[in-house]
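Asks: Taken in sequence, the protein lines are chains Z and A.
Just add 564 to the spot in the first sequence (first one is 1) and you have the working numbering.
Just add 1 to the spot in the second sequence (first one is 1) and you have the working numbering.
Since the hints were derived computationally from the structure, they do not count as laboratory data.
All figures in this text were calculated on a predicted structure; none of them were measured in a lab.
For each residue, glycine too, the CB sits at the ideal point set by N, CA and C.
A few of these clues could be false.
Residues from chain Z that face chain A, not an exhaustive set, calculated with beta carbons under 7 Å [to be verified]:
| # | residue |
| --- | --- |
| 1 | V584 |
| 2 | A587 |
| 3 | I588 |
| 4 | I589 |
| 5 | I590 |
| 6 | I599 |
| 7 | F756 |
| 8 | L777 |
| 9 | P887 |
| 10 | P913 |
| 11 | L918 |
| 12 | V1039 |
| 13 | P1043 |
| 14 | V1107 |
| 15 | F1109 |
Pulled from the structure, derived: some chain A residues nowhere near chain Z, Cβ distances all over 10 Å [as the list claims (entries may be wrong)]:
| # | residue |
| --- | --- |
| 16 | S27 |
| 17 | R32 |
| 18 | S38 |
| 19 | T41 |
| 20 | V43 |
| 21 | F63 |
| 22 | F66 |
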Amino acid sequence: MTLLTAMLAVPTQLVHLSAVDLAIIIFYFALVLSIGWYLKGRANTGEDFFMAGREMTAWVAGLSFLSANLGALELMGWAGSAYQYGILAAHWYWIGAIPAMLFLALVMMPFYYISKTHSVPGYLKLRFGEPSRALSAVSFAFMTVLMSGVNMFAMAKVMQIVLGWDINFSIWVSSLTVAIYVTLGGLRSAIFNEVLQFFLIWAGALLIPILGLYEAGGWSNLKLQIAQRASEQYVHLWAGLGSFSNNPMGINWVGIVFGLAVVISMGYWTTDFLVVQRILAAKDIRSAEMAPIIGAGFKMLVPIIVILPGLLGLAVLPEKLVPESVATLTGAHSYNDVLPLMMARYFGPGLLGLGVTALIAGFMSGMAGNVSAFTTVWTYDIYRPLINKRGSDHHYVNMGRWTTIVGVLISVGTAYLVMQFASIMDYVQALFSFFIAPLFGTVVLGMLWKRATAAGGFWGLLCGTLCSISMWTWVKVDPAALRYVALSPHAKGLAQDMYQALWSFITCVVVTVMVSLATKPVPEAALNGLVYGLTEVPSIGQVHFYEKPLFWAAVVAVFFFVLNIIFW
Amino acid sequence: MKDNFSISIWFFIGISLAVDGALILSAGIYRLLNPPSSPTVVLFNLHADVWWGALLLAVGLFYCFRFSPRRQP
């Protein structure tokens, strides 16, 4: 009770919680811990603890796949981006996600699934050998816990600003809760809680666009108000992307299509083990293919609770929000505050508790995803092959439980490090982006091109990563270099991310091809089950056309094109 | 949809939505009967907490019933 009183005592907060709000939040924590406790007896073997027994249905795997990505910072950050850049931010939910998710479902998932790998680095071991796996596993494990810590600090900071909660309280309560339920129930517990969190996020956030559109007078009136208060370009997805200078984001269609859609989103959705792990837990090949398609269907709807509140904030909020740097100096609200501000505008007691629970749930689902992925990669791709090859299954499960606790503690340590040295946050976020694009190049070449060799895979991955680091360092040292990286003097920050990923992907592919052609081919017999053309993909059986993944992928694709045309 | 457990994840979701819905509905009805002299939220007159809480409660109860452990094989 003392802690709760302390939480409510801080005067400079956006919203004030009532007793019913606190009851909803406390009930949420009790429920997620109960789920972990209930599942603790079902995580006794390695397959149970690390892969959830590979018995998840398509719906559970698909919603968990999406939920692991739907963190609170994602919600608040992209709502803020929608306020700042308009509907262009929706590209990260549509062209920056849907094609990649469908590609994962129809092309890549069969290889991941039938190889029975425990992880993406595990696939690299099978296809390219130990050096590629070690490079990928170490970088992924290291970056995952660091990112988890950065997100933890950012979330605690948000809770301090929005609710006035003590930053230490937020860090320790949320991280210990995640540590307990993942340690008890393993991946199954993480997945179950992610599905629960998915529902809570929608229940807590969907009311904002409903009430916001009512207040704004519908979509047509909203567009008119945005055009008056900002610019007409804020409500067009593609019309302003002909040149860098014709849209608020300072990017062109080449960066969005090739940098974001072809490289970054493909890299993230098909090779980031944080999300792919959820699909690997599917019970059969059809479920494994359907899960990303179900995720894609709901991903298309996420802009309703993320982008639309940002756009509504442009129209209905009386104050003008400012960049974070200005907000720090002036005390005004920043772009990132738009979602809490909209909550405070419409939500009374009870609803506010649900909205805050949605943010906490989003944060915890992201953290549980990071921790469970880190645990699997550490145990199966670093500890077992490099440190202790002869342990029993029981030993590796125990290692997984301890790694979960250690992973959370490292994340907490990182959060406190970021608290002392704020600039670390930028470096860690940049570091994470270094690995995604080249890893996609390596994995996709490995799956689709039988001539790719172990040496080609390793050197392509290494050179692509170094290329990314070099360009980032170049622009950091000399910001004017952005015009060369993004090929335009009008390019802005986000364009750097897109073009940096594009160049590192191209470097990875070129180096992989050249080194592979110069080295001895891998015998085809050794590639069975790993490469397209040499692998017989198991049939999903005799099912109706409406039960086939291809049918639902086509349905999602049609909706995707329609949405892009409507908001062109 | 059934998973191979005696308690389905959908049942837990039902409990969560039902309890949250009941709390929000209760708070909404209280404010409907005892309206504040100066509402602190925009569109207070729509009483979103009443109908949104009722909706969550209804969906939650449906999930609790449909995926009740007693109905699992």
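Asks: Any Cβ of chain Z at or closer than 10 Å to S27 (chain A), or is the non-interface label fine?
Replies: violated (7 Å)
Asks: Taking the minimum C-beta separation from R32 (chain A) to chain Z, is that value above 10 Å?
Replies: violated (6 Å)
Asks: Report holds or violated for the interface hint on P887 (chain Z), using the least CB-CB distance to chain A and a cut-off of 7 Å.
Replies: Interface hint status for P887 (chain Z): violated (26 Å vs cutoff 7 Å).
Asks: Double-check V584 (chain Z) for me: the hint is only fine if its C-beta lies closer than 7 Å to a C-beta in chain A.
Replies: holds (5 Å)
Asks: Tell me if the interface restraint on P1043 (chain Z) is satisfied: Cβ within less than 7 Å of some Cβ in chain A.
Replies: violated (42 Å)
Asks: Interface hint check: V1107 (chain Z), Cβ to nearest Cβ on chain A, cutoff 7 Å. Holds or violated?
Replies: violated (16 Å)
Asks: Evaluate the condition: distance from the CB of S38 (chain A) to the nearest CB of chain Z exceeds 10 Å.
Replies: holds (14 Å)
Asks: Holds or violated: is there a CB of chain A closer than 7 Å to the CB of L918 (chain Z)?
Replies: holds (6 Å)
Asks: Does the nearest C-beta of chain A fall within a distance shorter than 7 Å of the C-beta of I588 (chain Z)?
Replies: holds (6 Å)
Asks: Please settle this one: T41 (chain A) was flagged as non-interface, so is its CB more than 10 Å from every CB on chain Z?
Replies: T41 (chain A) not clear of chain Z: closest Cβ-Cβ about 7 Å, inside 10 Å.
Asks: Far enough from chain Z: is every CB of that chain over 10 Å from the CB of F63 (chain A)?
Replies: holds (13 Å)
Asks: Could you check if F756 (chain Z) really has its C-beta closer than 7 Å to a C-beta on chain A?
Replies: holds (5 Å)
Going through the hint list in order, the structure does not satisfy hints 4, 5, 8, 9, 12, 13, 14, 15, 16, 17, 19, 20.
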